[in-house]
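Chain A is fixed; fit chain B onto it per the hints.
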Amino acid sequence: GAVVSQHPSRVICKSGTSVKIECRSLDFQATTMFWYRQFPKQSLMLMATSNEGSKATYEQGVEKDKFLINHASLTLSTLTVTSAHPEDSSFYICSALNTGELFFGEGSRLTVL
Amino acid sequence: GENVEQHPSTLSVQEGDSAVIKCTYSDSASNYFPWYKQELGKRPQLIIDIRSNVGEKKDQRIAVTLNKTAKHFSLHITETQPEDSAVYFCAASRGGGSYIPTFGRGTSLIVHP
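Those protein sequence lines, which keep their order, are chains A and B.
Okay, so the first sequence: first residue is 1 according to the working numbering, each after it adds one.
Okay, so the second sequence: first residue is 1001 according to the working numbering, each after it adds one.
Just chain A, with the same shape it has in the complex (with noise of 0.2 Å):
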């Protein structure tokens, strides 16, 4: 199957500083790729949809300069976590749509001091 790939798996920063997560679709071209959060023991709740070479477009109670999200290329998507506070701490994870099926990134844990 299709591959996604996000790094940096896991990270630890000072609260104040930003945080960059990339999702890198790594044998196919992603139009779309989805950014969700999972809080301990709960579900994926989808944050943004990250369109390529347009604005993202964020869910309802995201905030959108908060949490950054670029898609410059068919392959790439990031997620910039801005001035991050600890509850921000979180597991974020990408996905992208190939022939139809969702395939994740493998996430990323934030902890933010």
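Everything labelled a hint here was simulated from the structure, so no lab data went into it.
Any given hint could be a false lead.
[Said to hold, decoys possible] List of simulated lysine-lysine pairs, DSSO-like, C-alpha gap at most 27 Å:
hint, chain 1, residue 1, chain 2, residue 2
1, B, 1022, B, 1071
2, B, 1071, B, 1037
3, A, 20, B, 1058
4, A, 14, A, 66
5, B, 1042, A, 66
6, B, 1037, B, 1058
7, A, 66, A, 41
8, A, 64, A, 14
9, A, 41, B, 1022
10, B, 1037, A, 41
11, A, 66, A, 20
12, B, 1071, A, 41
13, B, 1068, B, 1058
14, B, 1071, B, 1058
15, B, 1042, A, 14
16, A, 55, A, 41
17, B, 1022, B, 1037
18, A, 41, B, 1042
19, B, 1058, B, 1042
20, B, 1042, B, 1022
21, B, 1042, B, 1057
[Stated by the list, open to error] Derived CB-CB ranges, DEER-like:
hint, chain 1, residue 1, chain 2, residue 2, range
22, B, 1051, A, 31, 31 to 37 Å
23, A, 17, B, 1018, 44 to 50 Å
24, A, 15, B, 1110, 23 to 29 Å
25, B, 1054, A, 39, 32 to 38 Å
26, B, 1081, A, 51, 38 to 44 Å
27, B, 1028, A, 15, 33 to 39 Å
28, A, 66, B, 1029, 30 to 36 Å
29, A, 51, B, 1078, 28 to 34 Å
30, B, 1051, A, 10, 33 to 39 Å
31, A, 89, B, 1029, 34 to 40 Å
All C-beta atoms in this analysis are idealised placements derived from N, C-alpha and C, irrespective of residue type, glycine included.
Same frame as chain A, now just chain B:
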């Protein structure tokens, strides 16, 4: 928008028993229903899916049923094994170009040896 309810949140079975996870959805236009398995600390992976033109689909020990009239679908795992232990998510979407899956809250399946 779509709303997906999933039950139970936790399911504990003995090895060899069957496990059933149920989901309901609200959007009558949804026509694609995938199921994902997420092992601890790993990415969700598609295990089986069903489209609205089919009532049942089976793949070895896993089967999914769909009742479009009642707007519910279920995952059935027979002869459970300890390696089946994971969190299972159902999802519903309209498919095609407007494919944005909505996930259920997840079911933590524990198979005791």
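Going down the list of hints, with the structure as the test:
no. : hint                        : verdict
1   : 1022/B <-> 1071/B           : holds, 11 Å
2   : 1071/B <-> 1037/B           : holds, 22 Å
3   : 20/A <-> 1058/B             : violated, 41 Å
4   : 14/A <-> 66/A               : holds, 16 Å
5   : 1042/B <-> 66/A             : holds, 26 Å
6   : 1037/B <-> 1058/B           : holds, 16 Å
7   : 66/A <-> 41/A               : holds, 24 Å
8   : 64/A <-> 14/A               : holds, 21 Å
9   : 41/A <-> 1022/B             : holds, 18 Å
10  : 1037/B <-> 41/A             : holds, 13 Å
11  : 66/A <-> 20/A               : holds, 12 Å
12  : 1071/B <-> 41/A             : holds, 25 Å
13  : 1068/B <-> 1058/B           : holds, 18 Å
14  : 1071/B <-> 1058/B           : holds, 19 Å
15  : 1042/B <-> 14/A             : holds, 25 Å
16  : 55/A <-> 41/A               : violated, 31 Å
17  : 1022/B <-> 1037/B           : holds, 14 Å
18  : 41/A <-> 1042/B             : holds, 13 Å
19  : 1058/B <-> 1042/B           : holds, 25 Å
20  : 1042/B <-> 1022/B           : holds, 23 Å
21  : 1042/B <-> 1057/B           : holds, 26 Å
22  : 1051/B <-> 31/A: 31 to 37 Å : violated, 22 Å
23  : 17/A <-> 1018/B: 44 to 50 Å : holds, 49 Å
24  : 15/A <-> 1110/B: 23 to 29 Å : violated, 36 Å
25  : 1054/B <-> 39/A: 32 to 38 Å : holds, 33 Å
26  : 1081/B <-> 51/A: 38 to 44 Å : holds, 41 Å
27  : 1028/B <-> 15/A: 33 to 39 Å : violated, 45 Å
28  : 66/A <-> 1029/B: 30 to 36 Å : holds, 32 Å
29  : 51/A <-> 1078/B: 28 to 34 Å : violated, 41 Å
30  : 1051/B <-> 10/A: 33 to 39 Å : holds, 37 Å
31  : 89/A <-> 1029/B: 34 to 40 Å : holds, 36 Å
In the structure shown, a violation is registered for the earlier hints numbered 3, 16, 22, 24, 27, 29, in ascending order.
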